[in-house]
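Visitor: Counting in the working numbering, the sequence shown tops out at residue 58, every number present.
Hints should not be assumed to be uniformly reliable.
Okay, the calculated beta carbon distance ranges per label pair [claimed, not checked]:
{"no.": "1", "residue 1": "Phe55", "residue 2": "Ile11", "range": "15 to 21 Å"}
{"no.": "2", "residue 1": "Lys10", "residue 2": "Glu54", "range": "26 to 32 Å"}
{"no.": "3", "residue 1": "Trp44", "residue 2": "Pro23", "range": "15 to 21 Å"}
{"no.": "4", "residue 1": "Lys10", "residue 2": "Glu32", "range": "16 to 22 Å"}
{"no.": "5", "residue 1": "Pro24", "residue 2": "Ile56", "range": "16 to 22 Å"}
Hints listed in this document are in silico derivations from the structure and should not be mistaken for laboratory results.
Ideal Cβ positions, reconstructed from N, Cα and C, are used throughout, including at glycine.
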Amino acid sequence: MKDKKKIDKERQMSYDSLPPSVKESLTEEEKEMFLLSEQWPDSLFEKLEEFIIT
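Could you put the whole structure together from the sequences, leaning on the hints where they help?
Guide: Structure follows, in structure tokens:
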């Protein structure tokens, strides 16, 4: 990530806990959105749907 914004520790822990195959499937933009964005695009939800608890 080029822009070093403040990353929430819980989000970082969540990202780190993802299986390697899922992390590898994320683009750099999706990874940045996972860690920093308030809203995610549908494509990111689709890739992570089995890990999202609602």
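Visitor: Which of the stated hints cannot be reconciled with the structure, identified by number in ascending sequence?
Guide: Per hint list: zero violations.
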